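Q: Letter by letter, the chains look like this.
There are 2 protein chains.
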Amino acid sequence: MAAETQTPPIRFGIIGCADIARKVSRAISLAPNAVISAVASRSIEKASLFAKANKFPPEAKIYGSYEALLDDPDIDAVYLPLPTSLHVKWAVVVAQKKKHLLMEKPVALNVAEFDVIAKACEENGVQFMDGTMWVHNLRTAKMREFLSDSERFGQLRAIHSCFSFAGDPDFLKNDIRVKPELDGLGALGDAGWYCVRSILWANDYELPKTVVALHGPVLNEAGVVLSCGASLHWDDGRLATFFCSFLSNLTMDITAIGTKGTLNLHDFIIPFQDKEASFIVNSKCFFNELVTGWLPTPSEHTVTTDIPQEVCMVREFSRLVGDVKNGSKPELKWPIISRKTQLILDTVKMSIDEGFVPIEIKSQVRFLSTVFGLVLLVCCLLHV
Amino acid sequence: MAAETQTPPIRFGIIGCADIARKVSRAISLAPNAVISAVASRSIEKASLFAKANKFPPEAKIYGSYEALLDDPDIDAVYLPLPTSLHVKWAVVVAQKKKHLLMEKPVALNVAEFDVIAKACEENGVQFMDGTMWVHNLRTAKMREFLSDSERFGQLRAIHSCFSFAGDPDFLKNDIRVKPELDGLGALGDAGWYCVRSILWANDYELPKTVVALHGPVLNEAGVVLSCGASLHWDDGRLATFFCSFLSNLTMDITAIGTKGTLNLHDFIIPFQDKEASFIVNSKCFFNELVTGWLPTPSEHTVTTDIPQEVCMVREFSRLVGDVKNGSKPELKWPIISRKTQLILDTVKMSIDEGFVPIEIKSQVRFLSTVFGLVLLVCCLLHV
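In order, the protein sequences belong to chains A and B. For the first sequence, the positions run 1 to 384 when the UniProt record's numbering is used. For the second sequence, the positions run 1 to 384 when the UniProt record's numbering is used.
Since the hints were made in silico from the structure, they are not lab data. Quick caveat: nothing in here was measured; it's all calculated off a predicted structure. The beta carbon of each residue, even a glycine, is placed where N, CA and C say it ideally should be. Check before you lean on any hint, since a few could be wrong.
Simulated DEER-style distance windows between Cβ atoms [stated by the list, open to error]:
{"hint": "1", "chain 1": "A", "residue 1": "58", "chain 2": "B", "residue 2": "150", "range": "48 to 58 angstroms"}
{"hint": "2", "chain 1": "A", "residue 1": "290", "chain 2": "B", "residue 2": "259", "range": "35 to 45 angstroms"}
{"hint": "3", "chain 1": "B", "residue 1": "32", "chain 2": "A", "residue 2": "290", "range": "16 to 26 angstroms"}
{"hint": "4", "chain 1": "B", "residue 1": "53", "chain 2": "A", "residue 2": "297", "range": "22 to 32 angstroms"}
{"hint": "5", "chain 1": "A", "residue 1": "259", "chain 2": "B", "residue 2": "304", "range": "26 to 36 angstroms"}
{"hint": "6", "chain 1": "B", "residue 1": "223", "chain 2": "A", "residue 2": "259", "range": "21 to 31 angstroms"}
{"hint": "7", "chain 1": "A", "residue 1": "220", "chain 2": "B", "residue 2": "287", "range": "21 to 31 angstroms"}
Please take these sequences and the hints and turn them into a complete structure.
A: In structure tokens, the structure reads:
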């Protein structure tokens, strides 16, 4: 905490006035090491209204163009909640302007695009982090302790993750997440992002060997996924399944099963309450003698915190930005995790498009790297 | 209750002294309309020890052969917990001896075998029921009310079901459930039976159109499934997934997601306690204004009962047997449900064997009916 007070707070600019930016704005204002410095929209009126509605500090600047904000030397970091299709374009400019980048998920329309973003961040020495909040919850660290406990949990064998919510008719017709030109991965990129992240998280971010989409995804008329699922497979027999949907009731479950323990929770993305969060631990439970009940029964663990998870996220991102400003290298863990998540999404989509065939992640990595390499080569040749 | 006291209690004979028979013996002794009349084992000593250990009434008869028990005119119904491979042989004899049949699951090694059992029961006018206890729990009726509520739950869209437990080295080497000649379907037939039943239950027993096994099942050296999963698909986009295993920690989850509500429980097969059971209902929950919490949060419903679920099962079976003794026809709902469950298990196994291909249930029904028809034809020809 002493270091936090010594380093000046990280000055955030917000590009775009999406709904989610309201929550992140609040988080920036609550984080002890961050401050809102500016907001930009293509319409200055919209930016102004957004700043007012979200009680921005009076000294926060209002910009009528993204470029103007990015040219402001008093901005350290940018929060980018634009539609996914615009990520690669603006993220690269953000990095080139030497601003650190906190970006909404999915990070890109595909891994090749994300690689362009990650490369721009690396070349310009700026920190990258995606806006997945739940991994920063104090509860998540406590759950990790359980999953890492060889006595209480053992080795992970299977995990099921689910995130669905029922979009209303307006959402299903007009939201950017159902438009192929804005958010081409639909429910897979939006809800599925969290499922895949939770699966990777439980597997210590070890990529699966194979990914297979489940039959029967629901697509809209434009071909955007509204509901789908997949299974992921590791060489040692570990299995993961997930289901994501815009067409069913709000549900966000993780069930992670180890050789000795099981973890359950029903609010992994947005905790039921923002200052406390629980999970259920079943460790070496078994049946009583006549198999008419359990001994012991699973127990609920509650973690209380004064700092909501989105504030933890901004605090951690700002801490890393502060480190970079003080001479450290950017923390590569975060773009690596983002890339792995995006890679699985791409692979699920590919499996859907190819008729639910299993797709090996290794060949996929190689294939995409080759494509990406070729694209880069062509770009270089065109520029030279 | 008045009717129950007027009809004499149903007199049960137990064939085989399996572990599960201890629990069902207790249930028979606790059910108000049933009584234990006899137990048979291939060894009379074993039967005698079993009767003593389980505090059978002194008037209960002890038999050293299954045939002797089946010839006893004072037995109304038989509980059959033999290894699955012996079901078809003994179930047919039970029916031919005009005894009603309560039989452990899986009901047979495959649907064709089960059809022989069901036919024998039908021809001999005896009631059939399989030993799936949880469907008789009072909680299950309450959960059904929720799933049937078009306002609170809406239409079912997806269900995930899981049953796993970690078999110890002795279990994995010696239990009848890992022996191809005794219980050929392994974890699929044992743990998977419950998952499939829960999926059918949530779907009002409507069969899916297609079944696809998940990649990566674990088989033992003899080819018996120790761990596997599958997805099930209906024409209207409904999806079900399940995971069953002998290789991971005790877990028994159902998550059923409708258009307006979600049902969760973590003890669907054996409730944590035998006289009360809970489930979690999330009905039209959504986020608060800043998306930092839920409004309302899901609620837990607890059902208390003096009668454990296995006693409810025996009571219901005995009630139906009483009805048949009083001139009614056997209730066909139960063998129909058993057959559907077995059919899905067979289809999952077929999908595994054929390389995880999707298998249509309709063609499967037709194919098996044809095979069964041919077998029957041959049998008839041989007898004529």
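Q: For each hint given before, does the structure comply? Return the numbers of the non-compliant ones in rising order.
A: Result: no hint breaks.
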